[in-house]
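Just so we're aligned: 41 in my numbering is position 41 of the sequence shown, and the numbers increase by one with no gaps anywhere.
Think of the hints as simulated: they come from the structure by calculation, not from any bench.
A few of these clues could be false.
Ranges between beta-carbon positions, derived for each pair [what the hints assert, rightly or not]:
| no. | residue 1 | residue 2 | range |
| --- | --- | --- | --- |
| 1 | ALA13 | PRO121 | 36 to 44 Å |
| 2 | PRO6 | GLY114 | 43 to 51 Å |
| 3 | VAL101 | ALA74 | 19 to 27 Å |
| 4 | ALA13 | VAL71 | 17 to 25 Å |
Glycine residues also receive a C-beta, built at the ideal position from the N, C-alpha and C atoms.
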Amino acid sequence: ITGVQPAPIEPWAPMMLFAIVFGLSMDYEVFLLSRVREEWHRTGDSRTSVADGLAATAKVITAAAAIMVVVFGAFVLEPDRIVKLMGTGLAVAILLDATIVRMILVPATMELLGDRNWWLPRWLDRVLPDIDVEGHVDR
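Please put together the full structure from these sequences, using the hints given.
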């Protein structure tokens, strides 16, 4: 179908795929969890914050993943076997990450954990600095 002869997978390819996919998946995780955390601070209700956070970020994560899947999927049209390998691996990994992991597994796990999502040991809370990344604006 792809016009490429079977050959062994290059030794560096799985590690390269892992590194790229890890970075992209962390981006989606930051989108989702930052919004869920904002909702949790606003409402104090874990169940509502997960539902509202997912609803607010689902379109962004899905659109970003769809763009990446199309771009990486286009690599299959390249005659070079390595480019096809990377494109296929990245497209499949992003598709699975954005649909199954970010839209099903993470919200389901957070729903099950409830308020324990935000638990922090007291000793660690004392050690970590209190940082307001977004900057708090009083109105």
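Going through the hints against the structure:
Look at ALA13 against PRO121: about 39 Å separates their beta carbons, and that is inside 36 to 44 Å. Taken as a hint, the range 43 to 51 Å holds for the pair PRO6 and GLY114, whose Cβ atoms sit roughly 49 Å apart. At about 23 Å, the CB distance of VAL101 to ALA74 agrees with the hint of 19 to 27 Å. Between ALA13 and VAL71 the C-beta distance comes to about 18 Å, which sits within the given range of 17 to 25 Å.
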